[in-house]
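Enquirer: Using the sequences and the accompanying hints, generate a full structural model.
In case you want the letters, here they are:
Number of protein chains: 2
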Amino acid sequence: VVPVVQASELTVTHGSSAVVMKYGFPSLANIKTRESYVTSYDPRTRTASWVIEKLNHSSLHGPSNRKFCDFKEDESVHIFHRATSADYKGSGFDRGHLAAAANHKWSQKAMEDTFYLSNVAPQNPHLNKNTWNNLEKHCRSLTKHYMNVYVCTGPLYLPRQQADGKLYVQYQVIGKNQIAVPTHFFKVLILEKADGSGVELQSYVLPNDQVEEKVPLEHFLVPIEMVERASGLLFVHNIMKRASSRQKITANR
Amino acid sequence: VVPVVQASELTVTHGSSAVVMKYGFPSLANIKTRESYVTSYDPRTRTASWVIEKLNHSSLHGPSNRKFCDFKEDESVHIFHRATSADYKGSGFDRGHLAAAANHKWSQKAMEDTFYLSNVAPQNPHLNKNTWNNLEKHCRSLTKHYMNVYVCTGPLYLPRQQADGKLYVQYQVIGKNQIAVPTHFFKVLILEKADGSGVELQSYVLPNDQVEEKVPLEHFLVPIEMVERASGLLFVHNIMKRASSRQKITANR
Ligand SMILES: [Mg+2]
Ligand SMILES: [Mg+2]
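Chains as they are written, first to last, in the UniProt record's numbering: chain P, 45 to 297; chain U, 45 to 297.
Rather than coming from a laboratory, the hints here were simulated on the basis of the structure.
Bear in mind the structure is a predicted one, so any value in this text is a computation, not a measurement.
Don't take each hint at face value.
[Unchecked claim] The list that follows gives simulated cross-link-like pairs (lysine-lysine, DSBU-like), each with its CA atoms no further than 30 Å apart:
hint : chain 1 : residue 1 : chain 2 : residue 2
1    : U       : K116      : P       : K285
2    : U       : K188      : P       : K76
3    : P       : K173      : U       : K210
4    : U       : K133      : U       : K153
5    : P       : K285      : U       : K76
6    : U       : K116      : P       : K220
7    : P       : K116      : P       : K76
Expert: Here's what the structure looks like:
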């Protein structure tokens, strides 16, 4: 079956929120729409709660050049709650993209918008350059098999049992503005089948730590419910509301 | 100068959001309006980010009886992110009211609404029964001197330096649903002068811990900016937008 592509889909810019948010808003706080993504900012942690992008063949190709991009403060955020590059300096953490720059070659502006520090979180440099980078490549490669790949990325702050037997959330904060260092990151992929028969979900959770490169990405697959409980966000409920009855939702195949 | 009270103020119910939120919304996520307060829920921590009430002479007096009130789950919150009384059982923490029950004697429904577990956070029992209770009484007593007392209450998760010299946020989570135990609580009071000449602010931060009863409440006064930075919320900016030029805003006098 050849998918029927709506005319509107061909003309609307990639980053417009109506297009990116086809499967709903995981939460409704401080929503911002940028050229390449839609995001919800958490002023308490000074990072996004989530960032959603829509990838497909055409968003991945174009003339954009990362050389002309620079990290920048998000001036739409009050200075009390805004991350600066100075906060990251000497912290030992990378400015890790949530929406990846290389996903938005279609427009220089779209690529530049991924460099807002509100689209960034403190990330282990080894993770950023290796396994996390592989996960970003995996998202892009899925555009070969799916009509559209919606990618939702965000930080997690997971509890751990301590010596007293109780569960505690513990995370570092860096810089004068006390940017939270997530304990983990998630990516939820909503994969739209070309034949319109439904969507598949893939949910990944990676520790914000050096990860042995040989560990395959499949090792980090988790049930979507785990991400939903830990993040405070909802995905499946939103997708269900929008899926037609003949569409199937499959998770983590 | 005798304040000109608008007719609408006399007829509108106490809890209606237009009345309670006269000085704006500290944030815009998951806003809920209840009979006695307006609140913003944080599904990740399973507690409110803030709760605002409006107190005055008439809200403090009436036929309500706490005996007929019982803690209850907030069914408007998805079960993944909802606190239950079972989560608190055996945790060593009280179900501590954010909007206080005794502030809403004017209506049984208003008092009952303060018993939603979304208006509650895990609180040190000694603090709850002593210094925190005194702070709640202080808020009520201010209605003798001010026309209206707006009280905004919420949890804080403050960083602390650890042995490695770095700053970490650390907090316990309790129960099957992993309810966050705040490290501190804040109350921001917006005090409306009877002569309409302006508002005064008082901001308190108390540790979620046993506090020596003899320590006076003034000891816990902090600059409003401290609460704004730590909570991710904004108060002064919202008040400024709404204050007429002749009105003075005074903090912590
Ligand atoms: Mg990166
Ligand atoms: Mg109490």
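Enquirer: A separate judgement is required for each hint: does it hold in the structure or not?
Expert: Results for each hint:
1. U/K116 x P/K285: Holds, at roughly 28 Å.
2. U/K188 x P/K76: Violated: U/K188 and P/K76 sit about 43 Å apart, past 30 Å.
3. P/K173 x U/K210: OK: P/K173 and U/K210 at ~24 Å, within 30 Å.
4. U/K133 x U/K153: holds (26 Å)
5. P/K285 x U/K76: holds (22 Å)
6. U/K116 x P/K220: violated (40 Å)
7. P/K116 x P/K76: It holds: about 16 Å lies between the C-alpha atoms, which stays within 30 Å.
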